[in-house]
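Peer 1: Each chain, letter by letter, is given below.
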Amino acid sequence: MTFAQLVLTSTLELATPAEIVKGKLPDESVTYGLYWQVARDLQSLYREAQAEDWDGEGSAPISESSYDNARRFLADLPSSAPIPEVDVDADGEVVFEWFYGPAKVLTVVIGSNARLSFARLTGLSESHGRTFFVDEVPDEILRSLQQLVS
Amino acid sequence: MARRRHLKKAPISEAVIDLRVALTTVADVNEIARYVRVNEPAYSRKKDLWLYEGRLEFKPDEDPITSQRKEHRGLRFETEDEKYVVQFRRDGFTFSRLAPYTNWETVFAEARRLWGRYVEVMSPEAVTRVAVRFINRLSLPLPLSLQEYLMCAPTVPDDVPGVASGFVTQITLLHEETGISMRITQKSEKSLEPGKTAILLDNDVFKVDEDGFGTDIDTLAGTFEQMRDLKNTIFFNSITEKTAEIYE
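Top line first, the protein sequences correspond to chains A and B.
Using this note's numbering, the first residue of the first sequence is number 1, and each one after it goes up by one.
Using this note's numbering, the first residue of the second sequence is number 1, and each one after it goes up by one.
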């Protein structure tokens, strides 16, 4: 019995519906292209941060569920939303940051149980909180993003 | 459908002119960066474009083989005001004008000019695909009835209860007379503005020639005009007069 050689090539794992509607892979438009760039950055981070102490500073690895939640969150952001930077914190949770200068910053942290923490600085106003990300970006995050760009 | 006319506040989020090329022996990215820096100083903001690829191979009687690859696809340049973006990639050239849209003549002239730069530095062998893609974003007040704004809004069977909270539709058509294809996507998404929702009308009009078009964009002028006309036909037939009046 012989088996056909099967070679799978994909730039991302299985796409969610929100990812699919953001266009083909890769998408050359600015509207979706920057999203795909961040999605790839996230994927690259996930690959790097698979083991305990992956960064040599004792950081926990990213779990598959944290990565999956972060990926879905990113896909659900409106195309009009500014593009975030993405990183991993010492607890293995994914961090999205929008930095519009020293007085305009939004940070969103997503972990394995879909819990979402955020901190916002806009001018002299600071706020932070926790919510859950299930299928849609919470309205509070959308309002925070609007304040960043306004 | 809406009457075709110039809309002063056209809801165009991004106008894209795209040419795909046969892979070339590529100039070094540093050389591309230097060339653009010298010849197009207005496009001063530069970003690398990367391709990540993962492979999984199955062979009889062997463990699966995984491999990863990261490859430099090219460079992205944009003007300081972030309104013009151009990509010089190994597989093609993409030019974008972001909102606010100006007019076709200005946008195409700039794309044409930068295409000349691309040909000079990248030396493509042939053009395999040309495209005009306009992404429109309609910002509409909630609550809304989609049928008031879209000519082909998605429908739900009468006896299925519920209120729509999101949708996406996509269809690809072939215009047989010209060989031009049209990928029409309608999609709802949340808006950053309170009390509003957004609907994206993403109209991607393209033509493929596996034997290759020439690299002289002037010989493709007629094709681009046909694609532009089809793009406009799609847009004005996709929206109602009520929608068009919002953007006059």
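Calculated from the structure, these hints are not laboratory results.
There's no promise every hint is true.
Here are the simulated DSBU-like pairs of lysine-lysine, each with C-alpha atoms no more than 35 Å apart in a straight line [stated by the list, open to error]:
no. : chain 1 : residue 1 : chain 2 : residue 2
1   : B       : LYS59     : B       : LYS9
2   : B       : LYS47     : B       : LYS242
3   : B       : LYS46     : B       : LYS242
4   : B       : LYS59     : B       : LYS242
5   : B       : LYS59     : B       : LYS207
6   : B       : LYS190    : B       : LYS59
7   : B       : LYS190    : B       : LYS47
8   : A       : LYS104    : B       : LYS207
9   : B       : LYS59     : B       : LYS70
10  : B       : LYS59     : A       : LYS104
11  : B       : LYS59     : B       : LYS196
12  : B       : LYS187    : A       : LYS104
13  : A       : LYS104    : B       : LYS70
14  : A       : LYS104    : B       : LYS8
15  : B       : LYS47     : B       : LYS9
16  : B       : LYS190    : A       : LYS104
17  : A       : LYS104    : B       : LYS47
18  : B       : LYS187    : B       : LYS59
19  : B       : LYS59     : B       : LYS83
20  : B       : LYS196    : B       : LYS9
21  : B       : LYS83     : A       : LYS104
22  : B       : LYS46     : B       : LYS187
23  : B       : LYS70     : B       : LYS196
24  : B       : LYS70     : B       : LYS242
25  : B       : LYS9      : B       : LYS242
26  : A       : LYS104    : B       : LYS196
Short, incomplete list of chain B residues facing chain A, as computed with Cβ under 7 Å [stated by the list, open to error]:
no. : residue
27  : MET1
28  : ASP18
29  : VAL85
30  : THR94
31  : SER181
32  : ILE184
33  : LYS190
Label-pair ranges, simulated between beta-carbon atoms [stated by the list, open to error]:
no. : chain 1 : residue 1 : chain 2 : residue 2 : range
34  : B       : GLU120    : A       : ARG115    : 50 to 60 Å
35  : B       : ASP48     : A       : PHE132    : 54 to 64 Å
36  : A       : ARG115    : B       : LEU142    : 43 to 53 Å
Built from N, CA and C at the ideal position, the CB exists for glycine as well.
Peer 1: Would you list, in rising numerical order, the hints stated earlier that this structure does not obey?
Peer 2: Structure breaks hints 1, 2, 3, 4, 5, 6, 8, 10, 11, 18, 19, 23, 24, 27, 31, 32, 35 and 36.
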